[in-house]
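S.K.: Take these sequences, add in the hints, and give me the full structure.
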Amino acid sequence: DGGITQSPKYLFRKEGQNVTLSCEQNLNHDAMYWYRQDPGQGLRLIYYSQIVNDFQKGDIAEGYSVSREKKESFPLTVTSAQKNPTAFYLCASSIPPLNTEAFFGQGTRLTVV
Amino acid sequence: DQQVKQNSPSLSVQEGRISILNCDYTNSMFDYFLWYKKYPAEGPTFLISISSIKDKNEDGRFTVFLNKSAKHLSLHIVPSQPGDSAVYFCAASQGGGATNKLIFGTGTLLAVQP
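Protein sequence lines correspond, in order, to chains V and D.
Numbered per my numbering, the first sequence spans residues 1 to 113.
Numbered per my numbering, the second sequence spans residues 1 to 114.
Since the hints were derived computationally from the structure, they do not count as laboratory data.
Owing to the predicted nature of the structure, the values given are computational and were not obtained by experimental measurement.
The C-beta atom is built at its ideal place from N, Cα and C for all residues, glycine as well.
There could be a bad hint or two in this list.
Said to hold, decoys possible - If we take Cβ atoms under 7 Å as the criterion, some of the chain V residues that face chain D in the derived model are:
(1) G42
(2) L43
(3) F104
(4) G105
Claimed, not checked - Result set (SDA-like, lysine to any residue): computed pairs, CA atoms no more than 20 Å apart in a straight line:
(5) K57/V x Q3/D
(6) K37/D x T5/V
(7) K57/V x I95/V
(8) K68/D x Q6/D
(9) K37/D x P39/V
(10) K37/D x F103/V
(11) K56/D x S74/D
(12) K9/V x A41/D
(13) K71/D x S49/D
(14) K37/D x G3/V
(15) K70/V x Q56/V
(16) K83/V x G58/V
(17) K37/D x E101/V
(18) K37/D x Q106/V
(19) K5/D x D55/D
(20) K5/D x R44/V
(21) K56/D x E101/V
(22) K68/D x M29/D
(23) K54/D x K71/D
(24) K37/D x P9/D
(25) K5/D x D38/V
(26) K56/D x A70/D
(27) K37/D x R109/V
(28) K37/D x L11/D
(29) K37/D x R44/V
(30) K5/D x L45/V
M.R.: Take a look at the structure:
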């Protein structure tokens, strides 16, 4: 079954700790994206990557970092510099250019206490 | 600056009636528009899309209308079913190039009453 997998579904971390969210896809898509969802604010783009070893900042990249060493994987690290890290994080992939549907993972709910 | 806006945070309709979800955009360079449906604690799933060269696209119970002069699009669901209850996101993209990305609206929560 082709798809995009995010793990874990729920994640708890103490304030000040870095945490890495996993995103893996077996759809052979070149492009991958990280979005954040907060109540009343829709989906906001954090980082995106159109090709392996290349990525671009989205609208809210501060406090986050990514890597794209493999086509299948696009992990997101939430660093201690992110002021409000508690949110629902969504990973997506697509075949660029993005005039076709993007496939989303099931999301990771990160709670920082 | 919100380039894609969904001004109605919620909508309630009766089963069997029509649901109309609206979306406005400000960037005239957007050339592709998509609607996604999202259940709580899940990722969005693609519903229907429309290119800027068209003004209507239909897929079963779902129809999307695009009015480029007004920079407005709408999603019609008819007849509405209780299983349609979810958050609906409008998204837009500017085709081609390395910076192509999806811009999402804030979503509209649709509740279909049995």
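S.K.: Each hint needs a verdict: does it hold in this structure or not?
M.R.: Okay, the hints, checked on the actual structure:
1. G42: holds, 4 Å
2. L43: holds, 4 Å
3. F104: holds, 3 Å
4. G105: This interface hint holds because 5 Å falls under the 7 Å limit.
5. K57/V x Q3/D: holds, 18 Å
6. K37/D x T5/V: holds, 18 Å
7. K57/V x I95/V: holds, 19 Å
8. K68/D x Q6/D: The hint holds at about 16 Å.
9. K37/D x P39/V: Since the Cα atoms of K37/D and P39/V sit roughly 16 Å apart, the hinted pair holds (cutoff 20 Å).
10. K37/D x F103/V: holds, 12 Å
11. K56/D x S74/D: holds, 10 Å
12. K9/V x A41/D: Given pair K9/V, A41/D holds - Cα atoms ~9 Å apart, limit 20 Å.
13. K71/D x S49/D: holds, 15 Å
14. K37/D x G3/V: Answer holds: K37/D to G3/V is near 17 Å, not above 20 Å.
15. K70/V x Q56/V: At roughly 16 Å apart (the allowed maximum being 20 Å), Q56/V and K70/V satisfy the hint.
16. K83/V x G58/V: holds, 17 Å
17. K37/D x E101/V: Distance of about 12 Å is within 20 Å: holds.
18. K37/D x Q106/V: Distance of about 13 Å is within 20 Å: holds.
19. K5/D x D55/D: At roughly 19 Å apart (the allowed maximum being 20 Å), D55/D and K5/D satisfy the hint.
20. K5/D x R44/V: Holds - the C-alpha atoms of R44/V and K5/D are around 13 Å apart, at most 20 Å.
21. K56/D x E101/V: The given pair, whose Cα atoms are some 17 Å apart, holds under the 20 Å limit.
22. K68/D x M29/D: Distance ~11 Å between K68/D and M29/D Cα, so the pair holds.
23. K54/D x K71/D: Status holds; Cα separation ~13 Å.
24. K37/D x P9/D: holds, 14 Å
25. K5/D x D38/V: holds, 15 Å
26. K56/D x A70/D: holds, 15 Å
27. K37/D x R109/V: Holds. K37/D to R109/V sits at ~18 Å (cutoff 20 Å).
28. K37/D x L11/D: holds, 14 Å
29. K37/D x R44/V: The hint holds at about 16 Å.
30. K5/D x L45/V: Holds, at about 15 Å.
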